[in-house]
Amino acid sequence: MKTTNCPSCGATITFRSAASILTICDHCQSTLIRHDLNLENVGKMAELLPDPSPIQLGTEGIYRKSRFSVVGRIQLRYGQGIWNEWYLLFDNQRGGWLGETLGNHAVTFLIQPPEPLPAFSELRAGQSVTLKGRVFQVTNIETARCIAGEGELPIRVGPGYDAPVVDLQAPGKVFATLDYSETPPLVFVGEQLRFDDLKLTRLRTVMPAGWEPDAGIQAQSFQCPGCGSSLTIRAKGHSETLACGTCGSIIDLTDENFRILSKFKAKIIHEPSIPLGTSGTLEGTSYQAIGYLRRCVTVEAVDYEWSEYLLFHR
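Position 301 of the sequence shown, counted from 1, bears residue number 301 in the numbering used here, the numbering being contiguous throughout.
For the record, the hints were derived by calculation from the structure and aren't laboratory data.
Incorrect hints may have been included.
Claimed, not checked - Restricting the straight-line Cα-Cα distance to at most 30 angstroms, the calculated cross-link-like pairs of lysine-lysine (DSS-like) are: (1) K263 <-> K199; (2) K236 <-> K263; (3) K173 <-> K65; (4) K263 <-> K173; (5) K65 <-> K44; (6) K263 <-> K65; (7) K132 <-> K65; (8) K132 <-> K173; (9) K2 <-> K199; (10) K199 <-> K236.
Said to hold, decoys possible - Ranges between beta-carbon positions, derived for each pair: (11) V299 <-> S121: 31 to 39 angstroms; (12) D303 <-> A119: 23 to 31 angstroms; (13) T201 <-> T246: 40 to 48 angstroms.
Just so we're clear, the structure is a prediction, and the values are computed from it rather than from any experiment.
Cβ atoms here follow ideal geometry from the backbone N, Cα and C, with glycine treated the same way.
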């Protein structure tokens, strides 16, 4: 652990990880590059966007019997919303990453690229990629954009930089990410986990604006700006978009005028087998179905379709 002072405001700056090369000052938000104990101020870091993650700097947990603490974060925006990469520091000074996307969690570690990798433009969903003798399948391809960072990090980051990334999976919940923002690509390998598996402590309480914890799942009704149909927001404060089942409009719930973001042109032919609004119990916890997606992936010219439900527990 090394301690110095922010060259901008004089606040105490502590580096817990020997691998960290960047930190964001908690007091003045200056982005500071580390040169041993000399710090170079390269400008102000942008503000993080509010998100529902209970994880924060200082959160602690356990992975494979090893304790870690969260010392940094990169916040990115991608096609489906906000994505957090939390930088982990283990008790043995090993660094790792906890990826958090739409309630999914994966712990990964940076490894040396084992062999030449396909170019980002050559990869497709369902394609096979071999890493260290293990065959992975491409599950997601995104070009994310950095929003901001906080805490200390082992890499240089800044708002606006693009991160072309590819997610892969192998049997046994083995997970990998290829980050094409550098050449050669950065390779991270680990596994997907449930939130409870990490035994996280020192979490923050997440309470959206207008949310009353004793009022149950709050609902708000309004008319679709596209066709006038009656619509219901079933989890006010937690939802960002709503799809109209009548006209296919995708509505921005963060806009007070309910702006239409886009519109499905295809005819809606799949009705949810579980009606939206249905409540049930999963592993002892009560949930309500508040969203539905019909998805498809094409592998070797064969279409595979499936349904996904968004479940909400207050």
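Hints, one by one, checked against the model:
1. A hinted pair counts as satisfied when its Cα atoms are at most 30 angstroms apart, and K263 with K199 does not qualify at roughly 41 angstroms.
2. For the hint linking K236 to K263, the alpha-carbon distance of about 22 angstroms falls within 30 angstroms, and the restraint holds.
3. Distance hint between K173 and K65 is fulfilled; the C-alpha atoms sit about 18 angstroms from each other, no more than 30 angstroms.
4. Among the hinted pairs, K263 with K173 is inconsistent with the structure: their alpha-carbon atoms are about 35 angstroms apart, more than 30 angstroms.
5. Pair hint K65 plus K44 does not hold up; C-alpha atoms about 38 angstroms apart against a cutoff of 30 angstroms.
6. With a C-alpha separation of about 48 angstroms, the suggested pairing of K263 with K65 is violated against the 30 angstroms cut-off.
7. Simply put, K132 and K65 have alpha-carbon atoms about 25 angstroms apart, close enough for the 30 angstroms limit, and the pair holds.
8. In summary, the hint linking K132 to K173 is supported, as the alpha carbons are separated by about 16 angstroms, within the 30 angstroms threshold.
9. A distance of roughly 28 angstroms separates the Cα atoms of K2 and K199; the hinted pair therefore holds under the 30 angstroms criterion.
10. In summary, the hint linking K199 to K236 is supported, as the alpha carbons are separated by about 29 angstroms, within the 30 angstroms threshold.
11. Between V299 and S121 the Cβ separation comes to about 19 angstroms, which falls outside the hinted range of 31 to 39 angstroms.
12. For D303 and A119, the Cβ-Cβ distance of about 26 angstroms falls inside the hinted range of 23 to 31 angstroms, so the restraint holds.
13. A hinted range of 40 to 48 angstroms holds for the C-beta pair T201 and T246, which are about 46 angstroms apart.
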